[in-house]
Amino acid sequence: EAGVTQFPSHSVIEKGQTVTLRCDPISGHDNLYWYRRVMGKEIKFLLHFVKESKQDESGMPNNRFLAERTGGTYSTLKVQPAELEDSGVYFCASSQDPGTWGETQYFGPGTRLLVL
Amino acid sequence: GNSVTQMEGPVTLSEEAFLTINCTYTATGYPSLFWYVQYPGEGLQLLLKATKADDKGSNKGFEATYRKETTSFHLEKGSVQVSDSAVYFCALPQGNTGKLIFGQGTTLQVKP
Chain W
1 EAGVTQFPSH SVIEKGQTVT LRCDPISGHD NLYWYRRVMG KEIKFLLHFV KESKQDESGM
61 PNNRFLAERT GGTYSTLKVQ PAELEDSGVY FCASSQDPGT WGETQYFGPG TRLLVL
Chain Z
1001 GNSVTQMEGP VTLSEEAFLT INCTYTATGY PSLFWYVQYP GEGLQLLLKA TKADDKGSNK
1061 GFEATYRKET TSFHLEKGSV QVSDSAVYFC ALPQGNTGKL IFGQGTTLQV KP
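Going down the list, the protein sequences come from chains W and Z. 94 is the number that the numbering used here gives to position 94 of the first sequence; each next residue is one higher, with no gaps. 1063 is the number that the numbering used here gives to position 63 of the second sequence; each next residue is one higher, with no gaps.
Be careful, since some hints might not be right.
[Unchecked claim] A short list of chain Z residues far from chain W (calculated; beta carbon distances all over 10 Å): (1) E1042; (2) S1079; (3) G1098.
[Stated by the list, open to error] Not the full set, but computed from the structure, chain W residues with beta-carbon under 7 Å of chain Z: (4) F45; (5) H48; (6) E52; (7) E85; (8) T104; (9) G110.
No lab work stands behind these hints, which were simulated from the structure alone. Note that beta-carbon positions come from the ideal geometry of N, C-alpha and C, so glycine has one too.
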C-alpha cells in the first residue's frame, strides 16, 4: 500500500511568488491534515479535511494560504503571495477514522519551502 | 487546550549509550500519546504510541510508558546506534479533533 506522498519535495521561490503544494493521502483515508514546521521549531497544525470538507482550519496563518481538497482525494495548499516567514517544511498526514483518542496519522515526507 | 513539553536538544551520545528524552504533557482526559521520528532527509514516521495509562509503547528498541501520575511519556533506549540519529517529536491529539500537538523536537546525534 502506498503511503502519503507530497509534491514537490523542495521548492525555492522569491517573495511575492505563488507556490502550490500537493498531498496525496493513503487511499481510503477520509481525514487529511496539513502541518508546518518553521525553522527548527515545533510542528504546528494548519488544517484538517474530512473528505472534501474543511473540518478545522484554525491553524491557517492568514488569508494568503488556501487549501483545497476537491473530490475528497488529493489536497493542495497554495501560498499566494509567499512571504519570507512562510519558509519551512510542510507536512501532510492522513488517517482513516475521525481523529479521536487513539487514531494514528501517517505522514508524508514533507515539502521544504524556501522563500527568498 | 492540550500541550506537550519536550526536553531541548541537541543530545549527543556515543554509540551504545543509554538514551532518555523527556516529554511531559497536559491534557483533558486521557488521550493517546505518540513519539514520531524524522530521520535525515526523510519525513515523519510513527515510532511508537500508547493509548492508555500505564501502557508501554515499544518499537526498534525504543520504549515509552504512559505515566498518568507524572503526566509523562519519556522515550528511552538502552543502547543507541549511529542509525538512531534523528529528530524525535512527542505528540498528543487536541481533544477529539484529531489534530496533533507536537513538542519542539529533540535532535539526537549518536557518534561512533
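Taking the numbered hints from earlier one at a time, note which ones the structure violates and give those numbers from smallest to largest.
-> As far as the earlier hints go, 1, 3, 6 and 7 are violated by this structure, in ascending order.
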